[in-house]
Amino acid sequence: MATFLQQLINGIAQGGMYALIALGYTMVYGIVELINFAHGDVFTLGSFLCIAILALLGVSASGQVIGGWQGALIALLVILLAALLCGVVGVLIERFAYRRLRNAPRLAPLITAIGVSFLLQGVMRNWKGPSEISFPQFLPNPTFSYGGVHIDARELLVVVVSIAMMIALQLFIYNTKLGKAMRASAQDRDAAQLMGINVNSTIAWTFFIGSALAGVAGFISGMYFGTTMFTNGYQAGLKAFTAAVLGGIGNIAGAMLGGFLIGIVEAMTAQYISDQWTNVVVFSILVLILVLRPSGLLGEQLPEKV
Amino acid sequence: MHRPLIIVVALAVVAAGCSQQSSQTSPAGSVIKIGIELPLSGADASIGVPTQYGAQLAIKQANEKNLVPGFTFQADVLDDVVGSRHDPAQGAKNVQTFGADPAVLGVVGPFNSNVARAEIPLSNSLQLALISPANTNPTLTKGPDAIAMRKDHPDQIAYFRVCTTDDIQGPVGATYEYTKLGARKAYVIDDNETYGKGVADEWEAQFKKLGGSSLGHDHLTSGQQDFHALLTRVAGTHPDIVFFGGNSSTGGGLLRKQMPDAGLGSTIYAGADGISDNQFLQDAGPTADDVYVTVASVNATKLPAAAQFLRDYQAEYNQPVGPYSANAYAAAMVLIHAIGEAVKGNGGKAPTREQVLDQLRQTKDFPSVIGTFSFDANGDTSNRIISIYEAVKGKWVFVTQQNFTGAH
Amino acid sequence: MSAGERSLRARVRLPLGIGEVQAWQALGLVAIIALFVFYPLIDRNQGDVSSVADAGYFLLLVFGLNIVVGFAGLLDLGYAAFFAIGAYAYAMVASTQFNLHFNFWPMLILSGCVAALFGVILGFPTLRLRGDYLAIVTLGFGEIVPQVFLNLDKYTGGPNGISNVDQPVLFGYHFGFNPVPYYYLYLVVALISLVLLNNLKHSRLGRAWMAIREDELAATHMGVNPVTTKLLAFAMGASFAGLAGCIYAAKLTLISPDEFNFSVSVTVLSAIVLGGMGSLTGAFIGGLLLAVLNFKVLPQVTNWTHALGAALHNEAVQNLDLHYIIYGLILVLVMLFRPEGLVSTASRRAELHHAQPAASAAAAGVE
Amino acid sequence: MSAPLLAIEGLTKRFGGLTAVKDLTLNVEAGSIASLIGPNGAGKSTVFNVITGIYTPTAGDVKLDGRSIVGFKPHQVAGTGVMRTFQNIRLFAFMTVLENVMVGDQTRMHATPFDSAFRTPRAQKEERAVTERAMELLDYVGLASYAREWARNLPYGMQRRLEIARALAPQPRLLLLDEPAAGANPTEKRDLMGLVRSIRDRGITIVLIEHDMKLVMGISDRVTVLDYGEKISEGDPQTVRHDPRVIEAYLGKGA
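Residue numbers (the numbering used here), protein chains in the order written: chain A, 1 to 306; chain B, 1 to 408; chain C, 1 to 367; chain D, 1 to 255.
Rather than coming from a laboratory, the hints here were simulated on the basis of the structure. Watch out, some of these pointers could steer you wrong.
[Claimed, not checked] In silico DSSO-like pairs for lysine-lysine, Cα to Cα no more than 27 Å straight-line:
1. LYS128/A to LYS395/B
2. LYS154/C to LYS151/B
3. LYS63/D to LYS73/D
4. LYS185/B to LYS154/C
Note that the coordinates shown come from a computational prediction; the quantities given were computed from them, not determined experimentally.
Using the sequences and the hints, build the whole thing.
Structure below.
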């Protein structure tokens, strides 16, 4: 039982990470129906930026631990800056790589997104080199144990941040003017335009928020794993996108659910089958669920308009 | 329709093809080319490029010291990365490109075992010497597969390697950890790649033979970063040693780093040369202590030549050596030496590839920066010295070295 | 218009259902085919011939995926899986793995069939899925297949893959490691494929595929059976990959699971979109361009930057890796400036429309 | 008396709590033009969608020539000789005008994938015949000179006609036209009336959904009026025109 609970915790922590990245995927998809392949790389860029910002603040990978309010302050500052920078990068990507293609053939923006993904990887490769780079572990990491089950501060951080982000996003989208504009643009771009919504800026904001979330995820993942590498975005993005689709793409709670589900499935596969089969099991479950519910777990089953 | 476009493309293809030819100089000149065939871009670059530098340093020094009078050596470097990782098909094409250039008398490479599997039959067919600085998988030179790979010239091997194979490294490590560290219950993990799985299998077999028990053997999924679930499973079996077969880049360091989270902080962690680098120490951070690794070469500090090499490398490239730089240096040096001997045997004229191969096969007690070695009938190095290192306070500290005597 | 010019514009009927084209186009076509036929005689560098031959397997992949994505409009992001299946199908029965040595030629067809079968198996559960949901399921399939080949090491050699795959023998002639016969094999297969694909495109089935692509609902109301039409697209598309995998394995004599990863699927898809969706000429040009870029130009770029850095004694330049940046830039720029692909029948016809409204209803040509 | 070509019996279609069509019975005689009218949201298109197999009815039956076609998939319905057009034109945009019509002829073609790939003599012959028939149809609707154009490049009115030509391709027994005159100017409407009549004269039975009363009254043999999913009136144009319930439903609009 303790093992099962421990694996559940492991799965939820890993799943929280997927969910956090999936939120950005699902937002962008919801509004422009684009599989933004570069999103995973924006996430990696986020962790690279965090390392750079920490270095500017004098925090290096030497293993120094900064506790108390100072640590929290640094963490907050780094998260905010990384989110801001990633958001700007996201907006720039949208402006220069995607906007022109909004009415182009369906696959053109997809290929552009793949191109942008390569570009970002190339930039990171030349910035910090081809190897894994260390992420400073400057926050204390107390572990809490109960009945043979351990949970540490980092795992709590992942889960708390991802759930908080989801709730914040949900509130934002349903309660603010910009959020409503986003939903309207997602429903029908032309109609939204006619209603006086500035669709261009709404889409830009969507990319900003989605990419900023990726920046936050970059920090969380850096704290959690302690290293990062320029190619990490692919695997993370793949799982996050799977999570978004599993939950019903375009649906924020669905992205969360999908993320946790994939994390838990992975943990249980590693425990009860074997680590090498995790991807096979995850994707088989994905296929199975989509066959039964073609629009994902929480996705709306829209009948086609005839 | 756009026919003209097709013509442009077709011409581009031909032009791309011919561009290679224009650079081909006839062997009549005094230039001898040494091919270097490694993964040099993408994520592989971190380990491929320092290896390339090792070989290039050897070529540069050979020219400076005029090791083969009348001839200058020139490096011809080809990358085998396609898309984002090393590609056997590209490796094979590179060997064919070298094969088409008569000035190339031998090749240092490849780095990866699956690339080697594509290149060994080719180099055998072309009778072009291929010396790998890094392939450690035993089945490349021994066993039915290896013999089948020499199909065109079964008795004339053309593939050599300067590194000791995993069937030696694995057992030496297992023996040390069983007898000296007292480990009895092991959990084996590998990265499910040729090298990692190979060395893990060898280690596990020896460990069991000695009387130890294997509690499980898991393979990682490529690209995985989170090992908490796997480690929780491992912790449930209460091992006293975790052996990892693989590289730092495939999760060796991260795995160690996450072990304390699962309550495995005080469990011994052991691996082979794939995690014997600085990358591991950096990834694992403070958890790197009590990690034991085997390295398939003599302790560099005990070899003056090695110390000199380290200084030269640092001076030339202004960066620390990679784990295979010295091997590449040794591989290039043994090739240059063989070419020199072949030149002598050919009356001072440029030798043929066969003559170079003949000399290589006869390599005996060649002194190098990784120790003195000969090539055996399979092209394997006679150097069977395995060093054992322990990580202490963020540094690899030499523990002992053993000369593997064979029986396992 | 001079007499010579007029005769160049005269229409020529080409055999094999290729259709009618203008004389200069026919001449161009003949010249290109001749160029490809004589290429190995011009370029004596085996490495280059080998590269161009490998463009052959890439082109076959592009042709096959073009059926699925270009003709039928089904976004498949895991196409490399079928390439893997074809390669393993041949390698497992024609190597030292089980000491089976089936003949290459029947296996060439059979590998295609096995891949086609898996195309149907994958296609079946995805029939109800639309657009991007289909994309993610196929992407998942593309991740699963190589992983399964990796994990079933008792049968597939695991990470080592299968070495010593048999090389083809034709009427006593051993292909061996000489790239030239493989080059001609690819050339023949590719030319036959082009003719068959052109036939298919202008046939009942081809129109059904395109109708499904344009508007599935309307297509079904015109009597197109969506199930068989889509499954045929998956099966036929996969069969090309199976064929390519078989020749690939035989030429390289080795296969291992990490040669069939996502980047293969992505590159093939990029070639189709870059060339121009659904157009055979576009698939051909896009495929050739990306093959040259990936197999020849990009690996060279690394060497150039290394050499330049060494010459300048500039460490930063020497450590530069422009691989990703160049590739990424090409994809982005081509799409931004030619979103319909390099060979865009769509925009061409649209231009034509504005120039001369009552365009002549001349007989069929190659699109 | 022969059975009607199309017989809808007690048809009900509910979407969740919403009843789109309620207990509709409707017979269409072979060789006639029947019209279905009613305000927006009256359930007219739903009737078409049930006939063509997009929706399965909640209750009731649809019979073609006395044989039930309920449960048929759309392509099977097409196979029985029922073709349709759509309220929002649904052409194959990136196919040529000619190809659009040729797709319409799918159900009468027999070429197997093998025939198609290898251009067997059989397939070539069939292909020639289908091309010829399609060209004739294009000529018939006045689009012959646009055969090689992309369908999406045609102006709106021509797209309407192309959609009709596409539906006519297999010589259907029953043609369902969903608001063919929407967005047309008076001249185009007049041309369209002529076209519909001439199609009927080719022996094809037509069911028409239309808002334009003048057009409906001018060409229909029989008119059925739906309101909130229920049939409120039925009969020849004259009868329907003076039915007080119809006038009430249209309140100031029609008649």
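Hint by hint, here is what the structure shows:
no. : hint                 : result
1   : LYS128/A to LYS395/B : holds, 23 Å
2   : LYS154/C to LYS151/B : holds, 24 Å
3   : LYS63/D to LYS73/D   : holds, 14 Å
4   : LYS185/B to LYS154/C : holds, 26 Å
The structure shown violates none of the earlier numbered hints.
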